[in-house]
Amino acid sequence: MVELNIPAEHRYLSMADAWMTAFIERQDDIANRDDFSNEFVLAAHELVANVMDHAYGGRGGKISMTIDRAKSAKAVVMRIVDQGKPFSTQSRVGTTWSASGECPGGRRLESVSEPEWDQVRGRGLFLANSLLDSVVYCHTGGENLWLLTKLSK
Amino acid sequence: MEIAIKDIIERRVVIAPRDRIDAFSAPELRSEIERLLLDGATHFVLDLSDVSFLDSSGLAVLVSLLKRARQTGGDVKLVMPREDAAQRILKLTKFDRVFDVAASVDAALAAF
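In the order they appear, the protein sequences are chains A and B. Heads up: the first sequence runs through residues 1 to 153, numbered per my numbering. Heads up: the second sequence runs through residues 154 to 265, numbered per my numbering.
Keep in mind the hints are simulated off the structure, nothing from the lab. Since the model is a prediction, treat every value here as computed from it, not as a measurement. Treat the hints with caution; some may be incorrect.
Pair ranges (Cβ atoms, derived) [what the hints assert, rightly or not]: (1) B/A157 - A/S111: 32 to 38 angstroms; (2) B/A169 - A/R33: 27 to 33 angstroms; (3) B/T225 - A/D29: 50 to 56 angstroms.
Under the rule of at most 30 angstroms between Cα atoms (straight-line distance), these lysine-lysine pairs were calculated in the DSSO-like manner [stated by the list, open to error]: (4) B/K159 - A/K153; (5) A/K85 - A/K153; (6) A/K153 - A/K62; (7) A/K74 - B/K159; (8) B/K220 - B/K247; (9) A/K153 - B/K220; (10) B/K159 - B/K244; (11) A/K62 - A/K85.
Just so you know, even glycine gets a beta-carbon here, dropped at the ideal spot from N, CA and C.
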């Protein structure tokens, strides 16, 4: 497991992307590693940016992340933790969620409506859902936790 | 004899950002585009050949430009990024079908 903590400022997004890319580069058994990496990094990047913009409202804070291999499957898993405003799964129009046992009160993203071409905002969750195998959100102990999983196929 | 003359100037601009267009750099691109629009540019070629990464903030700038350009009777042509990492988001969001895509800047300019 590798850990990275960054300030919730957009200028650190590229650092987070490079960190994820470097981890995945070292996973020799991941099939089509370049494609896997591009997809994982884009999806996680969108969620990290969402945390910066919505959980912290652009006012700064800390984002703690870990990236690791899943224990039981050929997959990469990432945790994104922040202490900002909780995310409301119910108020996100066009998304459906199911209960997840991954964490207390966990909600798993099941579907996201494809945004209209001229929609300026709201593509982050769509991209994450399209590119990852699992996106789970929990709010517990005053923290927001996003659990991302992508399987190597 | 009365002769009415209209001098129609179609101002074409090529914008070629490099490297990353993401939540950090997108505001700068947006400001530059705003300046060009206020300056009267109507037809744009967005040359993304040298863009290495594009996120949804970058897409938002592209959408905004397309809407504004079309409102003034203009348009936007897109030259796709060479890098897979940047192409991916354009294909996933079907932006490669929303925009007119050209193989090169010259082809894009000729297509207006």
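Each hint, compared with the structure:
1. Between B/A157 and A/S111 the beta carbon distance is about 57 angstroms. The supplied range of 32 to 38 angstroms is therefore violated.
2. Taking 27 to 33 angstroms as the suggested C-beta distance range, the pair B/A169 and A/R33 conforms, at roughly 30 angstroms.
3. Between B/T225 and A/D29, the C-beta spacing of about 53 angstroms keeps the proposed range 50 to 56 angstroms intact.
4. For the suggested pair B/K159 and A/K153, the alpha carbons sit about 61 angstroms apart, so the restraint of at most 30 angstroms is broken.
5. Only pairs whose Cα atoms come within 30 angstroms are accepted, and A/K85 paired with A/K153 is rejected, the gap being roughly 35 angstroms.
6. Our distance criterion of 30 angstroms between C-alpha atoms is broken by A/K153 and A/K62, whose separation comes to about 33 angstroms.
7. At roughly 67 angstroms between alpha-carbon atoms, A/K74 and B/K159 are farther apart than 30 angstroms, so this suggested pair is violated.
8. Our distance criterion of 30 angstroms between C-alpha atoms is met by B/K220 and B/K247, whose separation comes to about 16 angstroms.
9. Between A/K153 and B/K220 the alpha-carbon distance is near 39 angstroms, which puts this suggested pair outside the 30 angstroms criterion.
10. Restraint check: the Cα-Cα separation between B/K159 and B/K244 comes to about 41 angstroms, which exceeds 30 angstroms; the hinted pair is violated.
11. A C-alpha spacing of about 12 angstroms is found between A/K62 and A/K85, which places the hinted pair at or below 30 angstroms, so the restraint holds.
The structure fails to meet hints 1, 4, 5, 6, 7, 9, 10 from the earlier list, while all remaining hints are met.
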